[in-house]
Amino acid sequence: MTLLSLNIDWILLIEKLALIAIVVFASLGIALYTTFGERKVAAILQDRPGPNRAGPFGLLQPLADGVKMFTKEDIIPSSASKWLFILGPGLAMTASLMTCAVIPWGGTIELFGRTISLQIADINIGILYIFAVVSLGVYGIMIGGWASNNKFSLMAALRGASQAISYELAMGLSLIAVLMLSGSLSLGDIVKQQQAGWWNIVYQPLGFLIFFICALAECNRTPFDLPEAENELNFGYHQEYSSMKLGFYLFAEYINMIMSSAVMASLYFGGYDIPFVNDAELQTHLGNWVALFQVGTLLIKIVFFIFLFMWIRWTIPRFRYDQLMNLGWKSMIPLALVNMLVTGALVLLKMNNWHF
-3 MTLLSLNIDW ILLIEKLALI AIVVFASLGI ALYTTFGERK VAAILQDRPG
47 PNRAGPFGLL QPLADGVKMF TKEDIIPSSA SKWLFILGPG LAMTASLMTC
97 AVIPWGGTIE LFGRTISLQI ADINIGILYI FAVVSLGVYG IMIGGWASNN
147 KFSLMAALRG ASQAISYELA MGLSLIAVLM LSGSLSLGDI VKQQQAGWWN
197 IVYQPLGFLI FFICALAECN RTPFDLPEAE NELNFGYHQE YSSMKLGFYL
247 FAEYINMIMS SAVMASLYFG GYDIPFVNDA ELQTHLGNWV ALFQVGTLLI
297 KIVFFIFLFM WIRWTIPRFR YDQLMNLGWK SMIPLALVNM LVTGALVLLK
347 MNNWHF
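Residues in the sequence shown are numbered from -3 upward in steps of one, following the numbering used here.
If you are wondering where the hints come from, they were derived from the structure by calculation, not from laboratory data. All the given hints hold, so there is nothing to weed out.
Across the chosen pairs, the derived CB separations fall in these ranges: (1) PRO201 - GLU106: 34 to 44 Å; (2) ILE71 - ASP185: 46 to 56 Å; (3) LEU337 - THR111: 34 to 44 Å; (4) LEU278 - PHE127: 29 to 39 Å; (5) LEU132 - ALA14: 23 to 33 Å; (6) ASN349 - LEU8: 42 to 52 Å; (7) ASP185 - LEU132: 23 to 33 Å; (8) GLY51 - ARG110: 32 to 42 Å; (9) GLY179 - PRO73: 48 to 58 Å.
We treat Cβ as the ideally placed atom computed from N, Cα and C, and that holds for glycine.
Using the sequences and the hints given, assemble the complete structure.
Below, the structure written as structure tokens:
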């Protein structure tokens, strides 16, 4: 079969490629200024000015940091495994960006007589896709720490891998309760169901709390930043990295934080659903503007979660490693199991009209 004989909708392909480009570059831009926001939030909490020299109010500081990263000398240690040393940050960055493919950023818009969905891929196993991609990110940390041929980097990578495995279990169990309520693995379907009724946070407050704590651990954010514990491991798994290889690891952390916020908003807070209004009725009057308002609504929810990530980082001290593992295995997993069983029992009772 030749390429010409394939039945390809080239316009749809162009639409998806354009949407991918917009989402990826927007994510990179938001991640760039999330670093600025982190430093400003830290400054407010610590009663100091924060970055204020580069540009008005310090707004050009992220660009200055980016130029610095690009112009720094790129060093590869002579004892490192060269190709794996390069692969590590690239894999971490790629895995963090791949999550955006299944997130519904808004409803639909009408352009040139076509209805365009603001979701790159509405696959019916969206949740499983997210977990698969998140698991790939662990390989970026592990490969980078091992390839550096540095005992501190290797120790940090082992910490990161065991931490991710531990908290992915509790995160998956907390999600099962949401899937029981929605009956679908598609993020698009989960958001649409919340538009028709109450947001899932009403039904799953404990599940959301477990998911949020696990998201902190998955993103290596304080108090779960054991893979980057400076007072124990110097600089963590990316100690030997410099220039944009180091920048890729740092960017991957912030993009993971943005995508985790988008997933939490979609699963528990209605995603792009505009609160207190009927989106379908509003679209009949405002047309494509509703889709823009929906994107703005989701971004507001994402910003709120990002602020929460930052607030926790600069408020709560780091756990010891034994405390981190005990919390994951002895608290998060049992709580997630109890939440799953209670939700399953209530769903079963509802299906049988509240009678045994």
